[in-house]
Amino acid sequence: MNIYRLTTVAMLIAAIVIVLPASGADWAAVKPLKQAHAHNDYLNERPLHDALELGFCGIEVDIYLIQGILRVGHDFAEAAKGHSLQQLYLEPLARHIRDNGGHVYPDDSQQTLTLLIDIKTEGEKVYAVLRKTLVNYRDILTTVEDGQITRRAIQVIISGDRPIATISAERTRYAGIDGRLTDLESDAAPHLMPMISDNWRRLTSNQRRNVRSIVQQVHNSGRRVRFWATPDTPAMWKELLEANVDHINTDKLVDLSNFLLKK
138 MNIYRLTTVA MLIAAIVIVL PASGADWAAV KPLKQAHAHN DYLNERPLHD
188 ALELGFCGIE VDIYLIQGIL RVGHDFAEAA KGHSLQQLYL EPLARHIRDN
238 GGHVYPDDSQ QTLTLLIDIK TEGEKVYAVL RKTLVNYRDI LTTVEDGQIT
288 RRAIQVIISG DRPIATISAE RTRYAGIDGR LTDLESDAAP HLMPMISDNW
338 RRLTSNQRRN VRSIVQQVHN SGRRVRFWAT PDTPAMWKEL LEANVDHINT
388 DKLVDLSNFL LKK
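Residue numbering for the sequence shown follows the working numbering, beginning at 138 and increasing consecutively.
Treat the hints with care, as some may be off.
[To be verified] Here are the simulated EDC-like cross-link-like pairs (lysine to aspartate or glutamate), alpha carbons at most 20 Å apart as the crow flies:
id, residue 1, residue 2
1, K399, D369
2, K257, E215
3, K171, D392
4, K171, E376
5, K389, E182
6, K375, D392
7, K399, D383
8, K399, E376
9, K171, D383
10, K269, E228
11, K269, E307
The set of hints was computed from the structure by calculation and includes no laboratory data. Treat the numbers as computed from the prediction; the structure is a model and nothing was measured.
Given these sequences and hints, build the entire structure.
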């Protein structure tokens, strides 16, 4: 093999192994912010790392299946040029948790990080590959086997094009389902559907006025609640926080972090 080919191979290996620089954060000083949820986290300057260093406990990522690889991106064209789910999230998380003694935040060993994976298209096909991938990280993932929950550092929840029947039929699950408000009428167990999410803009004016009762209904069912498409403003964050919403969506990581720390 000539020098040119050796150099090319070395560059490819580097691109696969070193996607992002290692974090230099003082993890003992990072305060976990349970309500902080990084919407479309992969669009941040340093995907995953920015959110973790600010104490976020929810991270959202969109995926497509492209030539057999789970790739991250908001649309197909973006994902085709982007990194894989493993490169950008699963491998860095595995290393981070190992380095922190099995936890995301060593100051709060009971805090689970929610990794919300939004399947954009072809839910059944994509999930089949995703499940096989998640098995390789089962030692850091919250799992459910025959209805029994084993909690670990990461809880994966599937949103978007959700293969509900397929996931429901699994005896051992490495991911739960992101429900909708209409799913509260179903008989899905909380360990199958641990979170209820819905589009804020599609709520009726009466539902928005009574958001606290909606949140209470979700909590009474043993689930957490999240709204997307909310105004990304302190006034909205205040309303959601006072309503006891569990996950507050934001694209403004630093601003929400500062807001929650002050509260």
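Right, here's what the structure says about each hint:
1. K399 x D369: holds, 17 Å
2. K257 x E215: Within the cut-off at roughly 12 Å; holds.
3. K171 x D392: Holds - the C-alpha atoms of D392 and K171 are around 15 Å apart, at most 20 Å.
4. K171 x E376: holds, 16 Å
5. K389 x E182: The given pair, whose Cα atoms are some 12 Å apart, holds under the 20 Å limit.
6. K375 x D392: Holds, at about 13 Å.
7. K399 x D383: Roughly 17 Å separates the two Cα atoms, so the pair holds.
8. K399 x E376: OK: K399 and E376 at ~15 Å, within 20 Å.
9. K171 x D383: This hinted pair holds, its Cα atoms lying about 7 Å apart.
10. K269 x E228: The given pair, whose Cα atoms are some 15 Å apart, holds under the 20 Å limit.
11. K269 x E307: holds, 13 Å
The structure shown violates none of the earlier numbered hints.
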